[in-house]
Amino acid sequence: MTSFVKETLNFTITSSEGFTAQEVYFSNSYDNPIPPIADSINPPGTIINIADVTLTPTPTTIILGNSPNLSESDANSIGDTISVGNGSNDTVSAIGSQYDAITLGTGSGDSVIADNSVNDGISLGKGAGDTVSAIGSQHDTITVGDGDGDVVNNFQGNANTITLGKGNDIAYVGSNDTVNVGTGHDSFVFEQTNPGSIGAVTITGFDPNKDSFTFSNQLTTSVTYHDNAQGNAVVTVDNAGDTITLVGVHASELHPSDFHFADPAALPVPSAAQMVADLHAHGLLL
Amino acid sequence: MMSNIIQDGTFLLPIQIGVQNIYEWTDWTNAGITTQNPAPSAIPGDYASIPVGGDLFQDYSALAPGNYTLTFLLLGLRKNFLYQRQ
Chain A
1 MTSFVKETLN FTITSSEGFT AQEVYFSNSY DNPIPPIADS INPPGTIINI ADVTLTPTPT
61 TIILGNSPNL SESDANSIGD TISVGNGSND TVSAIGSQYD AITLGTGSGD SVIADNSVND
121 GISLGKGAGD TVSAIGSQHD TITVGDGDGD VVNNFQGNAN TITLGKGNDI AYVGSNDTVN
181 VGTGHDSFVF EQTNPGSIGA VTITGFDPNK DSFTFSNQLT TSVTYHDNAQ GNAVVTVDNA
241 GDTITLVGVH ASELHPSDFH FADPAALPVP SAAQMVADLH AHGLLL
Chain B
1 MMSNIIQDGT FLLPIQIGVQ NIYEWTDWTN AGITTQNPAP SAIPGDYASI PVGGDLFQDY
61 SALAPGNYTL TFLLLGLRKN FLYQRQ
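For the record, the sequence lines run as chains A and B.
Here the first sequence stands for residues 1 to 286, where the numbers follow our numbering.
Here the second sequence stands for residues 1 to 86, where the numbers follow our numbering.
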C-alpha cells in the first residue's frame, strides 16, 4: 500500500463573485473539470482514500507606515496581522474579526474599531486620545499606551482583558472583563442596565484616591464592598451576582466618592460615536 | 489557534447517507463510502474510503470573503478539483 500524499488547494472568496462557497466535495464519480460537470466514472475498482481534511482561512499581513491619517479596513478577518506605524490619527477597522493581531505605534488620536471581534489582540502605543471600540467583543486583549484621554469601549463585551497605560483614561467595561490599571486618574464606566450583565469583573491597580466608577442608575444606585478571603475588596453591585474584585485594594480604602450613579443618557458619550465619525471621515463607512 | 471550518476532518463521526447535513460527512450517492479505522500511523483519526460512484461532501456555513487553504491527505488519486456550489 502506497502512502497518503498531502494535497493543498488555496483559493480566494471575494464579495463580488455572486455565489457562496459552503461545501467540500470529494468525488469518485466525476472526472472532468467544470463547466460542465460530465458524469465520467472512474475505472472499476478505483478507490480514493481521504484523511485529515482541514479548511482554514489564510492569514494575511498588512503593514502601514508612519504617515498620519492612515486607514485600513479588514472586517470579518481571521488571523490577520495589521501593523500601523507611528503617525497620528490612524484608523483600523476590523469589525467582526477573529484572532487578528492589530498593532498601532505611537501617535495621538489613533483608533481601532473592532466591535464584535473575538480573540483579537489590539495594542496601541503612546499617544493622547487613542480610542478602541470593542463593543460586543469577546476574549480580546486590548492594550493602550501612555497618554491622556485614551478610551476603551467594551460595552456589551465579555471576558476581555483591558490594560491602560499612564494617563487619565476611560474604560467602558464589559461583563467578566479583566482590567489592568495604569497610573493616572482613570474612570471605569458600567453602562449595563440589566442585573447580572456585569458578571465577575476583576480590576488590578485601582487607586481609590484617583480612580472612580460610574454605574448606570438603571442598574443600581448604591454598592457595598467587603474584603474577600484573599484580602481584596469585592464591590457588590446588585443581588444578581454582579461583582467587581479590586486586586490589591482593601475595602477599608474605598470611600463613597469612588462610586457615581447616573442616568445612562447622561453618561459620557462612548467614544464609538466619535470613532464612527472617524470612519466616515476616512471613507471606511458610507 | 484558529479552528478548522471542517467539523469532522478526521472522520471520527459516522458518514451519513444522502442527507443535507452541515457538519458531518455525507455519502450523497449511497455508493458505500466507509470509514477505515484507524488511519495509518501519524495520521490523526480515521479515513474515508470512496469506491467508484461515491460522492463525499460536507456542508458548512458560507465562507466570508478572504483567502483559504484546503489540505487533505489522499491515497488513490485520479483527479481532483474544488467545486464551489452556487
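Everything labelled a hint here was simulated from the structure, so no lab data went into it.
Don't be surprised by glycine CBs; every beta carbon is placed ideally from N, CA and C.
Heads up, a few of these hints could be off.
Said to hold, decoys possible - Okay, the calculated beta carbon distance ranges per label pair: (1) Gly45/A with Val19/B: 36 to 44 Å; (2) Tyr60/B with Thr8/A: 12 to 20 Å; (3) Lys6/A with Gln16/B: 21 to 29 Å; (4) His139/A with Ser61/B: 30 to 38 Å.
Okay, the hints, checked on the actual structure:
1. For Gly45/A and Val19/B, the Cβ-Cβ distance of about 28 Å falls outside the hinted range of 36 to 44 Å, so the restraint is violated.
2. Against the hinted window of 12 to 20 Å, the Cβ-Cβ separation of Tyr60/B and Thr8/A comes to about 19 Å, which satisfies the hint.
3. In this structure, Lys6/A and Gln16/B meet the distance hint of 21 to 29 Å, their C-beta atoms being roughly 26 Å apart.
4. Look at His139/A against Ser61/B: about 20 Å separates their beta carbons, and that is not inside 30 to 38 Å.
Of the numbered hints listed earlier, those contradicted by the structure are 1, 4.
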